Amino acid sequence: MPDERIPILLDTDIGSDIDDAVCLAYLLCQPRCQLLGITTVTGEPDRRAMLADAICRAAGRPDVPIHAGAAQPLLAPVRQPHAPQASILDRWSHRQKFPPNTAVDFLRGAIRHQPGEVILLSLGPFTNVGLLFALDPEIPSLLRGYVSMGGVFTRRIAGAPLREWNVLNDPHAAAIAYRTKAPHHLSVGLDVTLRCRLPADECRRRFQGGPLDVVGSAAEVWFQGRSQVTFHDPLAGVLIFHPEICQYEDGLVDVELMNENDLGMTRWHPAPEEKPHRVAVDVNPEAFFAEYFSVFGR
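In our numbering, the protein residues as written are 1 to 298.
The hints are simulated quantities; they were obtained by calculation from the structure and are not laboratory data.
Only a predicted model underlies this, so the values are computations on that prediction, with no experimental measurement involved.
Note that beta-carbon positions come from the ideal geometry of N, C-alpha and C, so glycine has one too.
Just so you know, not all the hints are guaranteed correct.
[Unchecked claim] Within a straight-line C-alpha distance of at most 20 angstroms, the following computed SDA-like cross-link-like pairs (lysine to any residue) qualify:
(1) Lys-275 - Asn-259
(2) Lys-97 - Val-64
(3) Lys-181 - His-269
(4) Lys-275 - Ala-290
(5) Lys-275 - Ser-141
(6) Lys-181 - Pro-270
[Unchecked claim] Label-pair ranges, simulated between beta-carbon atoms:
(7) Ser-93 - Pro-31: 33 to 39 angstroms
(8) Gln-228 - Leu-162: 18 to 24 angstroms
(9) Leu-162 - Ala-271: 20 to 26 angstroms
(10) Asp-262 - His-242: 31 to 37 angstroms
(11) Lys-97 - Asp-282: 30 to 36 angstroms
(12) Pro-137 - Phe-223: 40 to 46 angstroms
(13) Lys-275 - Pro-99: 39 to 45 angstroms
(14) Arg-267 - Ser-294: 33 to 39 angstroms
(15) Val-221 - Phe-293: 20 to 26 angstroms
(16) Asn-101 - Asp-201: 20 to 26 angstroms
Based on the sequences and whatever the hints tell you, model everything.
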């Protein structure tokens, strides 16, 4: 149904890479998105929640539930202790306090309230999702779908790292997420997201109005050491509504946990007997950017 509104739960490490905020702005303005709530993960999850709230308020959506989640990985060392983009919070209206560690209970309740209807969109390290799936093993079967931005699968882009940041931050939680069979698990990895980039000057020109005002402000923190934005997370979000923008293969993903040198590496098996995972293997960048900016009237 082309006009169907899709219930979505967003799990994010907003406040580190700018693309989380870029994705949240899209979801808030996408008319087919029924954003049920936001959960935050990794260091300073409360300040990440404040930043998400500031973007929601700029979009006229102060009603979106936001819950702070896990600050530390399950077993791996902490790689992301701070949320640098939260430094802009004094310029924007936002809620000040978020109780700690309420994310998993919120996700569990929201999914059980609408069994078979909700898509879980995971844009950060997998800690909250791994905890959710481990504490309530029935949850994955109650999802309509699970979309994650993470991993490297086909190695089709020269120079792409062998290990992707979200998986590397909590490989043990990522392994739980991949070993648990959700009905439809789509992974969007660096193989395709690295093709969706815009230079800083174009982002400054386009990140204006509504929630993009806050995103543009946060982007200036990002641009202090970088000259472009790669739209990793927005691509994952857009594919929920426009899957035709990418091409896919079905197979099996596992996460390396035994070899310390390869810890967090995702391994893609395109033709096993079981094919519980779908990965994006190619993208139309022009179609992606056209859809992304269309929801802002551009």
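Verification of the supplied hints:
no.: 1; hint: Lys-275 - Asn-259; result: violated (25 angstroms)
no.: 2; hint: Lys-97 - Val-64; result: holds (15 angstroms)
no.: 3; hint: Lys-181 - His-269; result: holds (16 angstroms)
no.: 4; hint: Lys-275 - Ala-290; result: violated (32 angstroms)
no.: 5; hint: Lys-275 - Ser-141; result: holds (16 angstroms)
no.: 6; hint: Lys-181 - Pro-270; result: holds (16 angstroms)
no.: 7; hint: Ser-93 - Pro-31: 33 to 39 angstroms; result: violated (24 angstroms)
no.: 8; hint: Gln-228 - Leu-162: 18 to 24 angstroms; result: holds (22 angstroms)
no.: 9; hint: Leu-162 - Ala-271: 20 to 26 angstroms; result: holds (22 angstroms)
no.: 10; hint: Asp-262 - His-242: 31 to 37 angstroms; result: holds (34 angstroms)
no.: 11; hint: Lys-97 - Asp-282: 30 to 36 angstroms; result: violated (44 angstroms)
no.: 12; hint: Pro-137 - Phe-223: 40 to 46 angstroms; result: holds (43 angstroms)
no.: 13; hint: Lys-275 - Pro-99: 39 to 45 angstroms; result: holds (40 angstroms)
no.: 14; hint: Arg-267 - Ser-294: 33 to 39 angstroms; result: holds (36 angstroms)
no.: 15; hint: Val-221 - Phe-293: 20 to 26 angstroms; result: holds (22 angstroms)
no.: 16; hint: Asn-101 - Asp-201: 20 to 26 angstroms; result: violated (40 angstroms)
Of the hints listed earlier, those the structure fails to meet are numbers 1, 4, 7, 11, 16, in rising order.
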